[in-house]
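*Asks:* Now for the letters of each chain:
2 protein chains.
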Amino acid sequence: MTQTTTLTIEALHQRVETIFRKSGLNDIQAGALARVIVAGERDACKSHGIYRIEGALRTVKAGKVNPLAEPELVQQPASAIVKVDAKGGFANPAFELGVSALAERARTCGLAALVINDCTHFSALWPEVEAVTERGLAALVMCPSYATVAPSGGTKPLLGTNPFAFGWPRSGSSPYVFDFATSVAARGEIELHRRAGKSLPEGWAIDADGKPTTEPEAALAGAMLPFGGHKGSAISTMIELLAGIMIGDMTSPEVLDYLGTTTLAPRHGELILAFSPQAFAAGRDGDPFARAETLFEAIAGQGARLPSQRRYAARAVSTDKGVTLTADEMKQLDRLEELGLDAIA
Amino acid sequence: MTQTTTLTIEALHQRVETIFRKSGLNDIQAGALARVIVAGERDACKSHGIYRIEGALRTVKAGKVNPLAEPELVQQPASAIVKVDAKGGFANPAFELGVSALAERARTCGLAALVINDCTHFSALWPEVEAVTERGLAALVMCPSYATVAPSGGTKPLLGTNPFAFGWPRSGSSPYVFDFATSVAARGEIELHRRAGKSLPEGWAIDADGKPTTEPEAALAGAMLPFGGHKGSAISTMIELLAGIMIGDMTSPEVLDYLGTTTLAPRHGELILAFSPQAFAAGRDGDPFARAETLFEAIAGQGARLPSQRRYAARAVSTDKGVTLTADEMKQLDRLEELGLDAIA
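Note that the protein sequences, when read in sequence, are chains A and B.
Our numbering puts the first residue of the first sequence at 1, with every later residue one more than the last.
Our numbering puts the first residue of the second sequence at 1, with every later residue one more than the last.
Rather than coming from a laboratory, the hints here were simulated on the basis of the structure.
It is possible that some hints are incorrect.
Below are the DSBU-like pairs computed for lysine-lysine, each with C-alpha atoms no more than 35 Å apart in a straight line [said to hold, decoys possible]: (1) K46(B) to K22(B); (2) K211(B) to K198(A); (3) K22(B) to K321(B); (4) K46(A) to K211(B); (5) K22(B) to K211(A); (6) K211(A) to K198(B); (7) K211(A) to K198(A); (8) K46(A) to K156(B); (9) K156(A) to K22(B); (10) K211(A) to K321(B).
The model shown is predicted, which means the values in this text are computed figures rather than measured ones.
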């Protein structure tokens, strides 16, 4: 049997936060990064858990993110747009700074937008979606990435894997939340196939000549494909427009030019929309939250799974029993805590 | 050679509007319906052109839409939500009534929503998207339909074909617009396969037992599938939540219960979001409209097609040379004009 260590969520948070502090991040950055990474580990989202610490630190070491950034909130009266200038730091503390103002604006105006500019982004979007749904609001969140996906009918990487996430608040149970890449597969999945020496399913990627391929190496040298053909490609393009260009931040091709690599966390902006179901439904028959439950029951009642249920099940276990890490994972945490940025190649 | 007749867009509009007036629609309803139907015919979108007149009239004759409705605008100060009560009439005149207020709110607040309640909906969403982009704003439009699509992993019709449409304004050329069903295929395409005695492509539908089928009859008795697997299913569910439940209007299963058939135009609500790129980009480097052109050039430059280009090409021809109808189509227009609702079985 492999040796494992079980930590409480709080204990894991302390360890991760300490690593970031020792690597030179200020309190605001270190705390927010630890929260989102521990949330991933807690929900058994291993691809967004402690595995991400190294990538974040690599980006710090490369000088592409400011570890001392203090995000700044910018609000204009009468506007439903709340802006946070991340000042070149990570997106997460900028989001934490802006979310209450976003919620206040959405309650007053019915809907509102939080724009995060000049941030480095490496986390899943669902923690942010959940922070909005916790405030009784629906959320729609999107951001670009770097150019690794060809538009439908195209031959070269141009779009990002551009995640698209949505949430609806539920009282008494975890929110309805989805959060997915607009590429067929995540880039990490292609990397996993490569390491395992396995072919890719058809429809995931094209090679450098724009021809369909099932070879991971050829795919990594070529481009991934958007999900759902021209429809997913159109949604991904919409994300470049709304969450890149409209907010005055970089598009996926511009991010790749800026970084010159996909091994660092991308720098761009992020768009978070919040909707007040109470404001929208005012004066109409029926309680929107109760009616949503009827819809969810009808979906689950025919054997279809609501999104995020696996995450919530893992969260229940972690909250109750703690998070279990392997000996290798513990060793890596020790190493990162001891060496900080010096642990990064 | 088949005999055809070519009419100017204006002449076709007059004919269609006259048909609706003779069928008992008031000026507001008849004018708006004629505009959207002629736009479809003009753009060679035959499925949303004069073919739709009969379905609209059938819904009038069935008493499921109010041909004399006078939509009413409801605005609240400080809110970014503009509501139009369609009063049981068609969605199109309600949209026309609300779009200027939506644009004004979006310019002031940065983003705004137009909610249309209690309307009958039978048209494509792109005419509304274009009406928003003409005002220099980006648009995101969605509405439910009736329950004909199974959620991913499910076995029974529950979701609608729920269209999702987006637009970005371009100066000097037609806007970037997409407008698609969140089902793999439109229900009409399955009907066309049935009439032609052809099998369906795999992945379009399941039969009444929830098993995959390529038989059109079995598909029509079963359920269509969402595009892009669980991702499209999630987006379709989001549309039920935002553009059905949140706005206090019917979901797709409720619509089907209300109508009891899919042969009439569905009654529900509609959600139109408008974004001001100028407000969002204020204070940031670069002009968002110029930057978007760079993105569009990169897409088209690698041989990928921007959406709606076929429509715009057809529009250019129609605007220049008029709209050409077959002898059968002309005969049908004559018949509808002469008989009004009596032409409807």
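*Asks:* Each hint should be assessed against the structure and marked as holding or not.
*Replies:* Here's how the hints hold up against the structure:
1. K46(B) to K22(B): Given pair K46(B), K22(B) holds - Cα atoms ~23 Å apart, limit 35 Å.
2. K211(B) to K198(A): holds (30 Å)
3. K22(B) to K321(B): It holds: about 28 Å lies between the C-alpha atoms, which stays within 35 Å.
4. K46(A) to K211(B): holds (34 Å)
5. K22(B) to K211(A): Violated - the C-alpha atoms of K211(A) and K22(B) are around 56 Å apart, more than 35 Å.
6. K211(A) to K198(B): Distance ~30 Å between K211(A) and K198(B) Cα, so the pair holds.
7. K211(A) to K198(A): Status holds; Cα separation ~19 Å.
8. K46(A) to K156(B): holds (33 Å)
9. K156(A) to K22(B): Answer violated: K156(A) to K22(B) is near 55 Å, above 35 Å.
10. K211(A) to K321(B): violated (40 Å)
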